[in-house]
Amino acid sequence: MSEFACHRCGNCCRGDGDVALTPDDVTRLAAHAGLAVEAYLARYTWQREDGATCLIDQGDALRSCVYLTPENTCQVHALKPTQCVGFPMKWRPSDALEICAGLRAAAGLPYPTRRTMNRRTG
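Quick note on numbering: the sequence shown equals residues 1 to 122 in my numbering.
By construction, these hints were calculated from the structure, which means they are not laboratory data.
Just so it is clear, the structure is predicted and the values come from calculations on it, not from any experiment.
Just to be clear, a hint being listed does not mean it is correct.
What follows is a set of in silico ranges between Cβ atoms, one per label pair, in the way DEER data are often shown [claimed, not checked]: (1) Ala52 <-> Ala31: 17 to 23 Å; (2) Ala31 <-> Ser2: 34 to 40 Å; (3) Ala5 <-> Asp95: 18 to 24 Å; (4) Gly51 <-> Cys6: 27 to 33 Å; (5) Ala61 <-> Tyr111: 19 to 25 Å; (6) Glu38 <-> Thr113: 40 to 46 Å; (7) Arg92 <-> Glu38: 31 to 37 Å; (8) Phe4 <-> Arg43: 31 to 37 Å; (9) Arg92 <-> His32: 34 to 40 Å; (10) Thr73 <-> Asp24: 31 to 37 Å; (11) Val37 <-> Leu109: 38 to 44 Å; (12) Ala42 <-> Thr22: 16 to 22 Å; (13) Thr113 <-> Leu35: 15 to 21 Å; (14) Arg43 <-> His77: 29 to 35 Å.
Here a beta-carbon is modelled for each residue, glycine too, at the ideal position from N, C-alpha and C.
Make the full structure from the sequences, and use the hints.
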């Protein structure tokens with residue numbers, strides 16, 4: 001296996017997974033947005049049943065992260081959430097090798113043939 005390099009396929013920023021924010025993530029992202037923490041939370045997050053504060057998605061069928069651009073880049077890359085920083089070396093979903101172009105290239109496999117899909121809509 002080769003070394004991992006991000007190919008900007010955007011698949012890690014789509015799908016059923018939630019991006020849980022740390023308090024530091026919220027403070028950093030709110031400041032970047034020029035919003036008070038409470039206003040940022042109301043506009044960009046939702047509360048999961050376990051109490052975690054998570055980023056909203058764009059409301060599209062692929063559940064793209066609110067910060068994912070059409071070019072598959074992150075609008076807040078320099079200050080992205082802690083969870084995002086850890087992908088794919090510290091954590092990854094079970095289908096990561098199927099959807100991540102960078103992991104596939106490192107394993108000598110071709111570009112992924114599918115985007116991450118929302119289990120609720122197929």
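Hint check:
1. A hinted range of 17 to 23 Å holds for the C-beta pair alanine 52 and alanine 31, which are about 21 Å apart.
2. Hint check: alanine 31 to serine 2, Cβ distance near 37 Å, so the stated range 34 to 40 Å holds.
3. The given range of 18 to 24 Å is respected by alanine 5 and aspartate 95, whose C-beta atoms sit roughly 20 Å from each other.
4. In this structure the supplied range 27 to 33 Å holds for glycine 51 paired with cysteine 6, their Cβ-Cβ distance being about 31 Å.
5. Restraint check, alanine 61 to tyrosine 111: a C-beta distance of roughly 21 Å satisfies the suggested window 19 to 25 Å.
6. A hinted range of 40 to 46 Å holds for the C-beta pair glutamate 38 and threonine 113, which are about 43 Å apart.
7. A hinted range of 31 to 37 Å holds for the C-beta pair arginine 92 and glutamate 38, which are about 33 Å apart.
8. At roughly 33 Å, the beta-carbon separation of phenylalanine 4 and arginine 43 lies within the given 31 to 37 Å, and the hint holds.
9. Between arginine 92 and histidine 32 the beta carbon distance is about 26 Å. The supplied range of 34 to 40 Å is therefore violated.
10. At about 23 Å, the beta-carbon gap between threonine 73 and aspartate 24 misses the expected band of 31 to 37 Å.
11. The given range of 38 to 44 Å is respected by valine 37 and leucine 109, whose C-beta atoms sit roughly 42 Å from each other.
12. Between alanine 42 and threonine 22 the CB atoms are about 18 Å apart, so this pair conforms to the stated range of 16 to 22 Å.
13. For the pair threonine 113 and leucine 35, the supplied restraint of 15 to 21 Å is violated, since their beta-carbon distance comes to about 39 Å.
14. Between arginine 43 and histidine 77, the C-beta spacing of about 20 Å breaks the proposed range 29 to 35 Å.
When held up to the earlier numbered hints, the structure conflicts with 9, 10, 13 and 14 and fits the remainder.
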